[in-house]
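Work out the full structure, taking the sequences as your base and the hints as a guide.
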Amino acid sequence: MIGVLQFPGSCDERDALGAVRRVGEARLVWHEETDLSGIDGVIVPGGFSYGDYLRAGAIARFSPAMEAVARFAADGGPVLGICNGFQVLCEAGLLPGALLPNEGLRFICRQVELVAEDFRGPFASEIGAGERLSIPVKHVSGCYFAPDEQLEAMEATGQIAFRYARGHNPNGSVRDIAGVTNEAGNVIGLMPHPEHAVDPLTGSDDGLALFRALVAAPQAAAA
Amino acid sequence: MLIRPKEGILDPQGKAVERALPALGFEGIHDVRVGRLVELETDDPAKLDSLCEKLLANPLIEDFEIVLDEGSSGNGGSPP
Chain A
1 MIGVLQFPGS CDERDALGAV RRVGEARLVW HEETDLSGID GVIVPGGFSY
51 GDYLRAGAIA RFSPAMEAVA RFAADGGPVL GICNGFQVLC EAGLLPGALL
101 PNEGLRFICR QVELVAEDFR GPFASEIGAG ERLSIPVKHV SGCYFAPDEQ
151 LEAMEATGQI AFRYARGHNP NGSVRDIAGV TNEAGNVIGL MPHPEHAVDP
201 LTGSDDGLAL FRALVAAPQA AAA
Chain B
1 MLIRPKEGIL DPQGKAVERA LPALGFEGIH DVRVGRLVEL ETDDPAKLDS
51 LCEKLLANPL IEDFEIVLDE GSSGNGGSPP
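In order, the protein sequences belong to chains A and B. Counting in the numbering used here, the final residue of the first sequence is number 223, and the numbers go up one at a time with none missing. Counting in the numbering used here, the final residue of the second sequence is number 80, and the numbers go up one at a time with none missing.
One or more hints might be untrue.
[As the list claims (entries may be wrong)] The following label-pair restraints were derived from C-beta to C-beta distances:
id: 1; chain 1: A; residue 1: Gly76; chain 2: B; residue 2: Gly28; range: 54 to 62 Å
id: 2; chain 1: A; residue 1: Phe62; chain 2: B; residue 2: Asp43; range: 16 to 24 Å
id: 3; chain 1: A; residue 1: Tyr53; chain 2: B; residue 2: Leu2; range: 16 to 24 Å
id: 4; chain 1: A; residue 1: Arg175; chain 2: B; residue 2: Gly14; range: 35 to 43 Å
id: 5; chain 1: A; residue 1: Asp118; chain 2: B; residue 2: Gly28; range: 48 to 56 Å
id: 6; chain 1: B; residue 1: Leu24; chain 2: A; residue 2: Ser125; range: 54 to 62 Å
id: 7; chain 1: B; residue 1: Glu41; chain 2: A; residue 2: Val174; range: 33 to 41 Å
id: 8; chain 1: A; residue 1: Arg132; chain 2: B; residue 2: Pro45; range: 48 to 56 Å
id: 9; chain 1: A; residue 1: Glu103; chain 2: B; residue 2: Gly28; range: 23 to 31 Å
id: 10; chain 1: A; residue 1: Arg132; chain 2: B; residue 2: Asp69; range: 52 to 60 Å
id: 11; chain 1: A; residue 1: Gly128; chain 2: B; residue 2: Asp69; range: 25 to 33 Å
id: 12; chain 1: B; residue 1: Lys47; chain 2: A; residue 2: Gly128; range: 47 to 55 Å
id: 13; chain 1: A; residue 1: Gln111; chain 2: B; residue 2: Leu2; range: 34 to 42 Å
id: 14; chain 1: B; residue 1: Ala16; chain 2: A; residue 2: Cys11; range: 22 to 30 Å
[Claimed, not checked] To list a few chain B residues with every Cβ distance to chain A over 12 Å, as calculated:
id: 15; residue: Asp49
id: 16; residue: Ala57
id: 17; residue: Glu62
[Claimed, not checked] Only pairs whose alpha carbons sit at most 30 Å apart, straight line, appear in this in silico DSSO-like list of lysine-lysine:
id: 18; chain 1: A; residue 1: Lys138; chain 2: B; residue 2: Lys54
id: 19; chain 1: B; residue 1: Lys15; chain 2: A; residue 2: Lys138
id: 20; chain 1: B; residue 1: Lys47; chain 2: B; residue 2: Lys15
None of these hints come from the bench; they were simulated from the model. In this text, a Cβ means the ideal position worked out from N, Cα and C, and glycines have one as well.
The following block contains the structure:
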């Protein structure tokens, strides 16, 4: 069972539910829930948690559900953060780096091409290195940043999961980075929305691979 | 608490403001940077540092400075 977090201000949790249900089972996890027993994987979805006040993701990281997710991730449980969820995971320190306002200051909503890197962890199981994925972005604070020395370490350990294809970087992200993992590889975050790319009817089903990988990911060590 | 984008961090807001200035006749202004001001009242200023580090600022991308105004009445009175 995959748990999809729902904060006040989330807006993509239903699409994430629908995406998982094409390949497995999922339920919503309200932000005040602290018991993740029976949950095998977590999605922190897109939206505007707590109105994005202060900084995107800054307040959501202190929610009771996120404290539970931090423990779940520390035990090795698989966690996928999408857009605002990526911002939340960075603010919570579960992923390296931070998301800054887009270089052009505009809200961007468009289909982009991603290139998968040779990255580590369970989320790489369904996606080959160098594979191109067509997935939409829609965000105003998606400019990925981390200090140079940290980026070097991340490149060396396979923590860069996705880059925008040449010419597709929509927001000024450093080194064209669209998604990263933690050191262990069981936590991943990306700005593009794989849950909006699960049916050829809407242009692409390239996003399904991430949900298949999440459902198939190894379980957390028993707490 | 004054919170600013760290030196060297992309600040598109500052850039946008800077680009708008010449049109209004403000010449010779450069390196515009836009940050945030958080005002609050507290009985325990010693905790402000950790409050900034944990919540109000993201130390990876922002610097912060704490300015204490001991004279404030605590009832919305304006500083001297």
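Here is what the structure says about each hint:
1. Under the hint 54 to 62 Å, the C-beta atoms of glycine 76 of chain A and glycine 28 of chain B, about 57 Å apart, fit the expected range.
2. Distance hint check: the CB atoms of phenylalanine 62 of chain A and aspartate 43 of chain B are about 22 Å apart, consistent with the given range 16 to 24 Å.
3. Separated by about 18 Å at the C-beta atoms, tyrosine 53 of chain A and leucine 2 of chain B satisfy the suggested range of 16 to 24 Å.
4. The hinted window of 35 to 43 Å between arginine 175 of chain A and glycine 14 of chain B is violated, with their beta carbons roughly 23 Å apart.
5. Taken as a hint, the range 48 to 56 Å holds for the pair aspartate 118 of chain A and glycine 28 of chain B, whose Cβ atoms sit roughly 50 Å apart.
6. Take leucine 24 of chain B and serine 125 of chain A: their Cβ atoms lie about 56 Å apart, and the range 54 to 62 Å holds.
7. Range check, glutamate 41 of chain B to valine 174 of chain A: about 39 Å between beta-carbon atoms, so the 33 to 41 Å window is met.
8. Hint check: arginine 132 of chain A to proline 45 of chain B, Cβ distance near 54 Å, so the stated range 48 to 56 Å holds.
9. The beta-carbon spacing between glutamate 103 of chain A and glycine 28 of chain B, approximately 25 Å, falls within the hinted interval of 23 to 31 Å.
10. Roughly 56 Å separates the CB atoms of arginine 132 of chain A and aspartate 69 of chain B, a value that falls within the hinted 52 to 60 Å.
11. The supplied range of 25 to 33 Å is broken by glycine 128 of chain A and aspartate 69 of chain B, whose beta-carbon atoms lie about 59 Å from each other.
12. A beta carbon spacing of about 50 Å between lysine 47 of chain B and glycine 128 of chain A agrees with the range 47 to 55 Å that was offered as a hint.
13. Distance hint for glutamine 111 of chain A and leucine 2 of chain B: a CB-CB separation of about 40 Å, consistent with the stated range 34 to 42 Å.
14. With their beta carbons about 27 Å apart, alanine 16 of chain B and cysteine 11 of chain A fall inside the hinted range of 22 to 30 Å.
15. The beta carbon of aspartate 49 of chain B is kept farther than 12 Å from every beta carbon of chain A, the shortest such distance being approximately 17 Å.
16. For alanine 57 of chain B, the condition that its CB be more than 12 Å from all CB atoms of chain A is violated, with the nearest at approximately 9 Å.
17. Some Cβ of chain A comes within 12 Å of the Cβ of glutamate 62 of chain B; the nearest lies about 8 Å off, and the non-interface call is violated.
18. Simply put, lysine 138 of chain A and lysine 54 of chain B have alpha-carbon atoms about 28 Å apart, close enough for the 30 Å limit, and the pair holds.
19. About 22 Å separates the Cα atoms of lysine 15 of chain B and lysine 138 of chain A, which keeps this hinted pair within 30 Å; it holds.
20. With a C-alpha separation of about 33 Å, the suggested pairing of lysine 47 of chain B with lysine 15 of chain B is violated against the 30 Å cut-off.
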